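K.L.:
The lines below spell out each chain.
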Amino acid sequence: MSAWTMARRSLWRRKLRTGLTVLSVVVGIAMMFLLLSLTAGVDVQVHQLIRAMGGADLTVSNATAPAMPRRQQYLVLGFLNESLAENLTAVPGVYNVTPQLVSYMSIDDMRSPTTIIGIDPATHLEVTGGLNIALDGGRSLQAGDREKIVLGKTLADTLNKTVNAEVTVITLAQGNLTFTVVGVFESEIPQMEHAGYVTLEEAQEVTNQTGLVTQFLVKCVDPNLVETVAEDIRNSVPGVRVANPAVMAQRASQMLNTLTLFFLSVSLAALVAGCFGVVNTMLMSVVERTREIGMLKAIGARDSTILRIFLIEALLIGVLGGAIGICAGGALAIALPYLIRELAQLGLVIRFPGRLGGLPMVIPAITPNNTVLCFAVGALIGVAAGVYPAWRAARMSPLEALRRV
Amino acid sequence: MSEAGVILEATGLTRVYRHGRVRVPALQGVSLRVLRGEVACVVGPSGSGKTTLLNVIGGLDRPTEGGILVDGLDLTALSPGQLADYRLRRVGFVFQFYNLIPILTALENVELPMALARVPEHERRERAFDLLEKVGLAHRVDHRPDELSGGEQQRVAIARALANGPALVLADEPTGDLDSQSAVEFMKMVGEFNRRAHQTFILVTHDPLVVRECTKAYTIRDGKIERELSRKEIEETVPQKDLLKPL
Numbered sequence: 001m002s003a004w005t006m007a008r009r010s011l012w013r014r015k016l017r018t019g020l021t022v023l024s025v026v027v028g029i030a031m032m033f034l035l036l037s038l039t040a041g042v043d044v045q046v047h048q049l050i051r052a053m054g055g056a057d058l059t060v061s062n063a064t065a066p067a068m069p070r071r072q073q074y075l076v077l078g079f080l081n082e083s084l085a086e087n088l089t090a091v092p093g094v095y096n097v098t099p100q101l102v103s104y105m106s107i108d109d110m111r112s113p114t115t116i117i118g119i120d121p122a123t124h125l126e127v128t129g130g131l132n133i134a135l136d137g138g139r140s141l142q143a144g145d146r147e148k149i150v151l152g153k154t155l156a157d158t159l160n161k162t163v164n165a166e167v168t169v170i171t172l173a174q175g176n177l178t179f180t181v182v183g184v185f186e187s188e189i190p191q192m193e194h195a196g197y198v199t200l201e202e203a204q205e206v207t208n209q210t211g212l213v214t215q216f217l218v219k220c221v222d223p224n225l226v227e228t229v230a231e232d233i234r235n236s237v238p239g240v241r242v243a244n245p246a247v248m249a250q251r252a253s254q255m256l257n258t259l260t261l262f263f264l265s266v267s268l269a270a271l272v273a274g275c276f277g278v279v280n281t282m283l284m285s286v287v288e289r290t291r292e293i294g295m296l297k298a299i300g301a302r303d304s305t306i307l308r309i310f311l312i313e314a315l316l317i318g319v320l321g322g323a324i325g326i327c328a329g330g331a332l333a334i335a336l337p338y339l340i341r342e343l344a345q346l347g348l349v350i351r352f353p354g355r356l357g358g359l360p361m362v363i364p365a366i367t368p369n370n371t372v373l374c375f376a377v378g379a380l381i382g383v384a385a386g387v388y389p390a391w392r393a394a395r396m397s398p399l400e401a402l403r404r405v
Numbered sequence: 406m407s408e409a410g411v412i413l414e415a416t417g418l419t420r421v422y423r424h425g426r427v428r429v430p431a432l433q434g435v436s437l438r439v440l441r442g443e444v445a446c447v448v449g450p451s452g453s454g455k456t457t458l459l460n461v462i463g464g465l466d467r468p469t470e471g472g473i474l475v476d477g478l479d480l481t482a483l484s485p486g487q488l489a490d491y492r493l494r495r496v497g498f499v500f501q502f503y504n505l506i507p508i509l510t511a512l513e514n515v516e517l518p519m520a521l522a523r524v525p526e527h528e529r530r531e532r533a534f535d536l537l538e539k540v541g542l543a544h545r546v547d548h549r550p551d552e553l554s555g556g557e558q559q560r561v562a563i564a565r566a567l568a569n570g571p572a573l574v575l576a577d578e579p580t581g582d583l584d585s586q587s588a589v590e591f592m593k594m595v596g597e598f599n600r601r602a603h604q605t606f607i608l609v610t611h612d613p614l615v616v617r618e619c620t621k622a623y624t625i626r627d628g629k630i631e632r633e634l635s636r637k638e639i640e641e642t643v644p645q646k647d648l649l650k651p652l
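Residue numbers (our numbering), protein chains in the order written: chain U, 1 to 405; chain C, 406 to 652.
It is possible that part of the hints are untrue.
Said to hold, decoys possible - DEER-style ranges, computed between Cβ atoms:
1. C/Q433 / U/L16: 48 to 56 Å
2. U/F276 / C/E538: 46 to 54 Å
3. C/L478 / U/D303: 14 to 22 Å
4. C/T481 / U/V287: 27 to 35 Å
5. U/A376 / C/E538: 44 to 52 Å
As the list claims (entries may be wrong) - Footprint (simulated), chain U over chain C, 3 or more residues, beta carbon under 8 Å:
6. 463-469
7. 518-529
Stated by the list, open to error - Here are some chain C residues pointing at chain U (derived, C-beta under 10 Å):
8. N460
9. A489
10. D490
11. F500
12. L509
13. R565
Hint data in this document are derived by calculation from the structure and do not stem from the laboratory.
Computed from a predicted structure; not experimentally measured.
Where is the CB? At the ideal position from N, CA and C, for every residue including glycine.
Construct the entire structure; sequences and hints are all you get.
P.N.:
Quick look at the structure:
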């Protein structure tokens, strides 16, 4: 029969009202949690994209190519001459350079095109550390491989192909070609496992881009001087864009901070509204329980005891709202990708134009930090909303309170 | 009787309320003395100041002028915190209605003053049960107030008033909401606690059933004590046949 018991029982006694008040907190917290989870998901994906550059320190691409290209743009823009590798290797501080030709082609009867990357096996291994071939008897690409392909694990699973199986690739220049799967690779980056690798020469032939590449991956001698080397390349090789993943990561986290701040302020607006809901309920409760407060004071309860009872009530509302809000927001976050996929299949979702169009769906990430943050915000909202009503209750004169019937 | 036997000593109590510019005198020089072990009642018409008197004695209200000593404690000298402590430990209250906290069971309601006084849980539970047994409600300890009859609620209220072993129990129209059967039972309880534990009671009432059980009665009118009746005078003034007529 502590203040906790009394607070809990008072809330329980007015279930509907308590439920509705809790709901007003739930809405804000759920929204906040969902948005924060989305941001965290974007964060994870941005870092995966950056990591997709593998062990390379820098990526060099055509200055006219967008940083995050749309599929079709590779066909019209953004090629570099293969011979540029020599210029790059000549830049001081560059350890090695490997070319890459990214293209999009359909495989078998898959409707949407697949990313096919042409690489030079020897230098690719040196610069990026190579592909992580799954342990089922496959191998990576070798120089001179013809009509051989290495598939990402997800892609292999989708196609239901394993090592030594054959796939049909629909090419622009040469029509349908049959490739033999020589290996299946795994990657830390889920998106990468949707791609397939062939040798550079073959990629150039089947896309009709002889002597052209889309990127060079560069490994530097000193990992601490990557940005200096990037600067040197920008100055000495005209018409290229040099991307430094470290710098990209920095920019991305700045962008994410802005995004987080924006989302936080949106949900804060919802939370403030919820807070007023709690204040309102608590004030109503104080007025309703005037007699009860008078009685408690008459039998010797101090102001601080009354204050505590009402503050705990508000805290419980906040904590409950926070907990349910996190569950609701989390459930929404988990369901969101499925929901959007379902809607997309029904044709109800408009594809984002521009750069976002080719990007995979953002998968929200639920992080412990955000969970703790949302829970704390819920509790805080409750207490903040409870302060004034609790103070009103504590200050009430027992005589006035008892006179009211 | 010796001074040690005096539990309440009020001298020249006045209490003036202000409603805007209008001064409303509720008490105009009330002096009275109640001894330990008495059951005193204050009888008077509405607006006579009897509830104000009870509130002043109970430390819920302060006199505008005059002195009041309860159990040797000068109430006019106490801070609000000390007054709360006085209400918690030295006096017990029984009101006309809405005595109990609706969300707590009978047992918990009796435990409440002891919880506020930080009595250890097992001890207060035991004492609360004991008190409810004494008022004949051992079988209803786990019932909430809305599951109890009016008479039962008032008996729980007595048990609660006695929880911290107060020097004085104050009751404001305790039978005002009860049928006569319940009122008689209530006064029987008061009589029993008075005889067995020598518990002092001061009751404000209109109810002849209550007055008849008292050892002393004060009549109050317009904020002044009119008469003080002894046990014998009460018996003469409140005859059996007029029992159901309000005084």
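K.L.:
Could you work out which earlier hints the structure fails to respect and list their numbers in ascending sequence?
P.N.:
Violated: none.
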